[in-house]
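K.L.:
Residue numbers (numbering that gives the first Met the number 0), protein chains in the order written: chain A, 0 to 113; chain B, 0 to 210.
Hints in this document: simulated from the structure, not taken from any laboratory. Bear in mind the structure is a predicted one, so any value in this text is a computation, not a measurement. Cβ coordinates follow ideal geometry from the N, Cα and C atoms, glycine included. Accuracy of the hints is not assured; some may be wrong.
Unchecked claim - For lysine to any residue, the following SDA-like pairs were computed, each having C-alpha atoms within a straight-line distance of at most 25 Å:
#  : chain 1 : residue 1 : chain 2 : residue 2
1  : B       : Lys193    : A       : Phe110
2  : B       : Lys193    : A       : Ser107
3  : B       : Lys190    : A       : Cys80
4  : B       : Lys127    : A       : His57
5  : B       : Lys190    : A       : Arg63
6  : B       : Lys158    : A       : Ile88
7  : B       : Lys127    : A       : Leu93
8  : A       : Lys95     : B       : Lys127
9  : A       : Lys95     : B       : Met154
10 : B       : Lys127    : A       : Pro90
11 : B       : Lys158    : A       : Pro90
12 : B       : Lys158    : A       : Leu93
As the list claims (entries may be wrong) - If you want the footprint, here are the derived chain A segments under chain B, 3+ residues with CB under 8 Å:
#  : stretch
13 : 62-75
14 : 90-97
Said to hold, decoys possible - Examples of chain A residues lying across from chain B (beta carbon under 8 Å, computed):
#  : residue
15 : Ala4
16 : Gly9
17 : Leu10
18 : Ala11
19 : Ser20
20 : Phe100
21 : Gly105
22 : Met109
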Amino acid sequence: MNIIAGFLSGLAGAMGLGGGSLLLLYLAFVLSVPQINAQGINLLFFIPCAITSIFFHHRNKLVRWDIVLPVAMGGIAGVFCGLRLLSVIDPSLLSKIFGAFLVVFGLSEMFIKK
Amino acid sequence: MFFTNHPTKCDNSAYINPTRTLREPVLCWWNADLSTSVEWREQEINGRAPTCFMQVSISRFRLGGALFALKRLIFFRRFIFLYFFGNTLNIGSDFIKKSVYIFFGFLIGFINSLLGAGGGMIAVPLLKRSSLSQNEAHASAIAVILPLTFISASMYLFKGYVAFDDVFPFVVFGIIGSIFGALILKKISAKMLKRIFAVFMIYAGIRMILR
Numbered sequence: 000m001n002i003i004a005g006f007l008s009g010l011a012g013a014m015g016l017g018g019g020s021l022l023l024l025y026l027a028f029v030l031s032v033p034q035i036n037a038q039g040i041n042l043l044f045f046i047p048c049a050i051t052s053i054f055f056h057h058r059n060k061l062v063r064w065d066i067v068l069p070v071a072m073g074g075i076a077g078v079f080c081g082l083r084l085l086s087v088i089d090p091s092l093l094s095k096i097f098g099a100f101l102v103v104f105g106l107s108e109m110f111i112k113k
Numbered sequence: 000m001f002f003t004n005h006p007t008k009c010d011n012s013a014y015i016n017p018t019r020t021l022r023e024p025v026l027c028w029w030n031a032d033l034s035t036s037v038e039w040r041e042q043e044i045n046g047r048a049p050t051c052f053m054q055v056s057i058s059r060f061r062l063g064g065a066l067f068a069l070k071r072l073i074f075f076r077r078f079i080f081l082y083f084f085g086n087t088l089n090i091g092s093d094f095i096k097k098s099v100y101i102f103f104g105f106l107i108g109f110i111n112s113l114l115g116a117g118g119g120m121i122a123v124p125l126l127k128r129s130s131l132s133q134n135e136a137h138a139s140a141i142a143v144i145l146p147l148t149f150i151s152a153s154m155y156l157f158k159g160y161v162a163f164d165d166v167f168p169f170v171v172f173g174i175i176g177s178i179f180g181a182l183i184l185k186k187i188s189a190k191m192l193k194r195i196f197a198v199f200m201i202y203a204g205i206r207m208i209l210r
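Working from the sequences, and respecting the hints, build out all of it.
P.N.:
Here it is, written out as structure tokens:
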């Protein structure tokens, strides 16, 4: 079961479909890990997967580094704000926020046409 | 004679080339008679004569935060300016575009560090709006999230929310899965997969709220 979850979330993560959320849901529902620890596991899990997939994407010339660079720079500022909020916020609220986030993005993926 | 408090920044070129001190004060106690010197102002506030190394460094420590922040801002101002206005042609649209990139990045980083996932889900539609093709957006999203994930994961590790042992059962097969995913991304159309995934996400989200 662990193997399947790891494989599937790696697969989805490499395709940019939010594989992280797959692993997070597996951890939360099947293994009943607390939300904040599950988030940490998911983040740590994503690093090697992302490195391998970027290696392949870069070889296929799919990564646009000129756009990635400024977005990542803005993102670093966002990361620090998020971490600051994380230390303030009530941990039980996090899973609710995550659920609302999933519903909103699921609906938008369903109904917004590309 | 050259008893300095700041050995890395201190040199004799202030004597040789006095105009240099007008642009940036050399941080030594022995040119404290220059009114531009940072040291001089600190010691005035501290109410002590510049006598020895330790005293000066303590006074700097008290006043340090704001001064160093200001100095850092002044130093990085040129890079920020170059980033936004480096391209002299077509300034207006370029400025807006780059600001939008940074704002997108901020959103992605915020969600990714707070919720531990889902940066990619926002990153893909946002990147697709900025003239990237479907596959390019998916690939670039991962490249964006990797540094952000690295920073937030190290902070999670540092705070003790997670240990390396917890991740071990998933990682090996995750890497294999990501190799597969990266290889087939070029070939498939992700539309059907996305529909399935969206239904799954809505279901899981509702369960997560009601838990």
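K.L.:
The structure should be examined with respect to each hint, and the outcome stated for every one.
P.N.:
Hint check results:
1. A distance of roughly 11 Å separates the Cα atoms of B/Lys193 and A/Phe110; the hinted pair therefore holds under the 25 Å criterion.
2. Between B/Lys193 and A/Ser107 the alpha-carbon distance is near 11 Å, which keeps this suggested pair within the 25 Å criterion.
3. Of the pairs offered as hints, the one joining B/Lys190 and A/Cys80 is violated, with about 34 Å between alpha carbons and a cut-off of 25 Å exceeded.
4. At roughly 18 Å between alpha-carbon atoms, B/Lys127 and A/His57 fall within 25 Å of each other, so this suggested pair holds.
5. Taking the CA atoms of B/Lys190 and A/Arg63, the gap is about 22 Å. The hint holds against a cut of 25 Å.
6. For the suggested pair B/Lys158 and A/Ile88, the alpha carbons sit about 15 Å apart, so the restraint of at most 25 Å is met.
7. Between B/Lys127 and A/Leu93 the CA atoms are separated by roughly 28 Å; this puts the pair beyond 25 Å, and the hint is violated.
8. Pair hint A/Lys95 plus B/Lys127 does not hold up; C-alpha atoms about 28 Å apart against a cutoff of 25 Å.
9. Straight-line distance between C-alpha atoms of A/Lys95 and B/Met154 comes to about 22 Å, which keeps the hinted pair within the 25 Å bound.
10. Proposed proximity of B/Lys127 and A/Pro90 is contradicted: the alpha carbons are some 33 Å apart, above 25 Å.
11. Of the pairs offered as hints, the one joining B/Lys158 and A/Pro90 holds, with about 14 Å between alpha carbons and a cut-off of 25 Å not exceeded.
12. Our distance criterion of 25 Å between C-alpha atoms is met by B/Lys158 and A/Leu93, whose separation comes to about 17 Å.
13. For the stretch 62-75 of chain A, the assignment as covered by chain B holds, since 12 residues bring a beta-carbon within under 8 Å of that chain's beta-carbons and 3 suffice.
14. Check result for the stretch 90-97 of chain A against chain B: holds, 5 residues qualifying (beta carbon to beta carbon below 8 Å, three or more required).
15. The closest approach between the C-beta of A/Ala4 and any C-beta of chain B is roughly 7 Å, which is under the 8 Å cut-off, so the hint is satisfied.
16. Hint status for A/Gly9 relative to chain B: holds, with the closest Cβ pair at about 3 Å, below 8 Å.
17. The interface hint given for A/Leu10 is met, as the beta carbon of that residue sits about 4 Å from the closest beta carbon of chain B, less than 8 Å.
18. Against a cut-off of 8 Å between C-beta atoms, the interface hint on A/Ala11 holds, since the closest Cβ of chain B lies about 7 Å away.
19. Taking 8 Å as the C-beta cut-off, the interface hint given for A/Ser20 holds, the closest approach to chain B being about 5 Å.
20. For the restraint placing A/Phe100 at the interface with chain B, the shortest Cβ-Cβ distance is roughly 6 Å, inside the 8 Å limit, so the hint holds.
21. With 8 Å as the threshold, the beta carbon of A/Gly105 comes within range of chain B, its nearest partner Cβ sitting at about 4 Å, so the hint holds.
22. Nearest Cβ of chain B to the Cβ of A/Met109: about 5 Å, under the 8 Å cut. The hint holds.
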